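Once you've looked at the hints, go ahead and assemble the two chains, each given alone in its own frame, into the complex.
As you go down the protein sequences, you meet chains L and C in turn.
Here the first sequence is numbered in the working numbering, starting from 36 and rising by one per residue.
Here the second sequence is numbered in the working numbering, starting from 846 and rising by one per residue.
Quick caveat, the hints were computed from the structure, so don't treat them as lab data.
A portion of the hints provided could be inaccurate.
Stated by the list, open to error - Okay, derived cross-link-like pairs now, DMTMM-like style, lysine to aspartate or glutamate, Cα gap no bigger than 25 Å in a straight line:
1) C/Lys1145 to L/Asp55
2) C/Lys1000 to C/Glu986
3) L/Lys81 to C/Glu1051
4) C/Lys974 to C/Glu1051
What the hints assert, rightly or not - Chain L regions said to be covered by chain C (calculated; three or more residues, Cβ under 8 Å):
5) 112 to 121
6) 140 to 146
Predicted model only: the values in this text are computed from it and were never measured.
Glycine is no exception: its CB is placed at the ideal position from the N, C-alpha and C atoms.
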Amino acid sequence: MIELHNVSKVYPPNVVGLRDVSLHVKPGEFVSIVGQSGTGKTTLAKMLFAEERPTHGRVTIGGWDITAIRDRDVPLLRRQIGVVFQDFKLLPRKTVFENVAFALEVSGAPSRRIKEVVPQVLKIVNLHEKGRRYPGQLSGGEQQRVVIARSLVHRPKILVADEPTGNLDLVNTQEIVDLLKTINQFGTTVVLVTHNRDVVNALKKRVITLSGGEVSSDEEEGRYKV
Amino acid sequence: MTTLLRVFRFAFQNIMRNFWLSLITVSMMMFTLLSVNVLVALNLVADRAIAYVQDKVEVSVYFDSDVPEPRVVDAAGFLRGLEQVRDVSVITPDEALERFKERHARDETVLRSLEEIGKNPFGPTLVVKARHPGDFPFILEALDHPQFANDIRDKDFTDYQGVIDRIRETSDRARAFGIGLSVVFLMIAMLVVFNTVRMGIIIHREEISIMKLVGASSAFVRAPFLIEAILLSLIASALAVLVVVPLVALIDPGIGAFFDGASTIDLLGYYQVNGVALFLAQFVVLAGVSMLATGFAMRKYLRV
Ligand SMILES: Nc1ncnc2c1ncn2[C@@H]1O[C@H](COP(=O)(O)OP(=O)(O)O)[C@@H](O)[C@H]1O
Ligand SMILES: [Mg+2]
Chain L
36 MIELHNVSKV YPPNVVGLRD VSLHVKPGEF VSIVGQSGTG KTTLAKMLFA
86 EERPTHGRVT IGGWDITAIR DRDVPLLRRQ IGVVFQDFKL LPRKTVFENV
136 AFALEVSGAP SRRIKEVVPQ VLKIVNLHEK GRRYPGQLSG GEQQRVVIAR
186 SLVHRPKILV ADEPTGNLDL VNTQEIVDLL KTINQFGTTV VLVTHNRDVV
236 NALKKRVITL SGGEVSSDEE EGRYKV
Chain C
846 MTTLLRVFRF AFQNIMRNFW LSLITVSMMM FTLLSVNVLV ALNLVADRAI
896 AYVQDKVEVS VYFDSDVPEP RVVDAAGFLR GLEQVRDVSV ITPDEALERF
946 KERHARDETV LRSLEEIGKN PFGPTLVVKA RHPGDFPFIL EALDHPQFAN
996 DIRDKDFTDY QGVIDRIRET SDRARAFGIG LSVVFLMIAM LVVFNTVRMG
1046 IIIHREEISI MKLVGASSAF VRAPFLIEAI LLSLIASALA VLVVVPLVAL
1096 IDPGIGAFFD GASTIDLLGY YQVNGVALFL AQFVVLAGVS MLATGFAMRK
1146 YLRV
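Chain C on its own, in the form it takes in the complex (with noise of 0.2 Å):
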């Protein structure tokens, strides 16, 4: 116990003597966390958007404007009973004819010739959600069974594969740039780590030889390095939690707004329910490495 105050007694006054090196440790070990923050924040922004828009995915099945509404309702029933569904919902004529204005809201030229024809030129609707975008074909052959196929008189996938390649091909360079970011900060922060250990190791030498001069243990004088390294690996941790949750809850909103509702991506209430997991997983990953680069440190330039 006596032992392990003194340790931790030594590994503080190194972190004070040292502290212009340590206070350029400790941020570089700030700047890998942040980056690797941005990263998660990216990944999770990627993924939610991508499930966002995959939720949106649904085939439309226009019925001719004929067709008395139980045939249509059992056709819902029908599709209901697939295990590939998730959901169908039944549109009304009038209520597809709304939707179609709505989504030509812009083409003049279509809501011109809507116009001309005079009547509602719709018949009911379903629209048909999957569980997976894969399922789809399935679903769309299903409808071929000549129960239904008279009825209905067209199909149309509203296809959402291009939107979602393109967040994925954006969100996979992202991502490989703050992979990249990552590592370099890492690699970075390592190396002030070595060199921290190695600026410590010979402001002490005098200290380190009288040591193992009066019979002091090898680990004794090893271990206040290792603490140093898990000690700034802390402080570290602890100001990349007080500048990431701040600036997740200023960003939050915004993301929320970009999509259409708060609660799609919900940044903050991931880190409020994944924080401390992710900011502890982190803090052990980075003393980890730090404790390796004091390793090295400690086998190139102390003699014990």
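Extracted from the complex, chain L is given alone in its bound form (with noise of 0.2 Å):
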């Protein structure tokens, strides 16, 4: 489902971002990905969905070459991987609701579509009754719940989320983790960046470390060793 082969990243002048990164993750795989800060996680999530474009070395995703990916294909690949990720907030003055529906309109999705699935998504994140309040009105783990049913509109065959639990309490965290869980059993390939060792732990799933941009160690059933 994901390959890359000799990944490296050189953020100009010469910030190594990831180097020499080889890794091959399976349809349906849950992957933890760990590591110190400034070690090149969110560098390779973003790899992912050609935020960013590898220095040197290829990506895959599912039998697509998208190293050197063109432009206008970039949009064709985001409908297929659903994306969570920090800096990609809800949009405050939009409803629950139409958040999640703003991810249909703006790629073109007919209205009809759009009355569809917007519910079916608020239902797994177990927000179907919160549609009409505003961001404002959530509390952190609700509204992550959000931008997750959000990543969820085009039914993404991978979800790659990127501290998700970042700014959470235990509680939301394990809900999110959950809902993580619950998404990955659906049949969708899940990569998660976290820094959380007892997320990590707990997942008992496949586990991969960063070091200095390059695989330090990477487990099947892993635990956090940073």
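Put into structure tokens, the structure is as follows:
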């Protein structure tokens, strides 16, 4: 599903983001990516939806080599990948429903489909009764669930989440992780970037540890060790 | 279709959220169009004024007072036969006297000396109008033909060239000023458009980043800004129509009165006939240039 071959990323002038990373994520896998701050986790995550292009190496998503993907093909890729990122927040002046619908609207989905899909994904994140609220009227955990709902509107094969529990307390963190597990059980490949030791240890799934832009360990049923 | 509606909705939202900037943009666009219309009107008035004066250019051919009428009519016929002659009218001695008096109504000396003569010193006169002012030398030469030359006492070429030159000079200067003003306004308007788009991109940067993230095509992200440029141009053009047309209707009689007859310049009539095309052309150019400015702003600030 996801393949990186000797991927390096050098930010100009010479900051190394990733160094010779190779990995293979199979369809339906749940992978955690851990590592200290500045070790290239976000860079790696951004490679997966062509927000960053590798300086060297090759990135393949679902058999599609996106190493040198053309700008006009990027939207096609992104309609197949759900992204939960801290930089991409909810729009405060839109309701929960509108925030989720927005993702479909701007990618050209017909209104009928929007009316059908939005309640579905809100139901998955258990917020179907709060569609009319504004983000400001929700807790941090609820807001993050709306973001996840939004990432699901295209029924993605891959979900990439970069520190989705970064600002959340224990209870909310657990809710989000459970949600990601549920989504994974539906068959979506999940790539979770996290700092949270307890989350990783409780998951008992594959863990890839980065250090200094390199993969320092990759274990099938790993534990957090940074 | 749905997509188009959404693009329009986003464009409209851009305008409303950015209301004051949109207002300034429309105002500057409107000033541009107003100065363009002043320029158009000015050109028209100058052209028609020149045409009007040119129409007055004529040669008076004074015959000796003893020349019998058939000979004068002959000469008139000959002149009418010339290709360069547009019109020939015959003036009898009495009419000629009247005309002369009229023309020199304010000149005491001339009138007094006319009285001293006691009788009508004028013979028949032919008033010849040429098709073009440049044809007069030819016409004057033609009259040197011996058949007529002996009968003709004098030829008088009422030279309006000075007047025409002055109108030209004044209107050229006004035109240069008008063009300068239009260009300045247009440039300001485009800077304002550029800035409005820049602000729009900044205001919407979260939306735009989300749009890109969830797979909106680059065209979909850009289209609202281009539509916005078109909508603002459309509003400015409509407002320009609302200002210019009543204004033309208001000043048209005044201009008409200045020359001797409303039909001479007929600014209002010009706008009635050409207004739609004129404003349409202005809108198209304005929208085109605005979209160009929008394109520059997007290239600079919108990384899609
Ligand atoms: N856009 C960028 N320009 C320059 N350097 C960057 C950029 N993004 C990340 N980096 C650098 O690349 C390295 C890896 O960053 P990042 O992938 O964000 O790490 P992490 O997510 O693990 O904290 C860091 O040294 C960071 O400073
Ligand atoms: Mg990071």
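Please flag the earlier hints that this structure goes against, numbers listed from lowest up.
Violated: hints 1 and 4.
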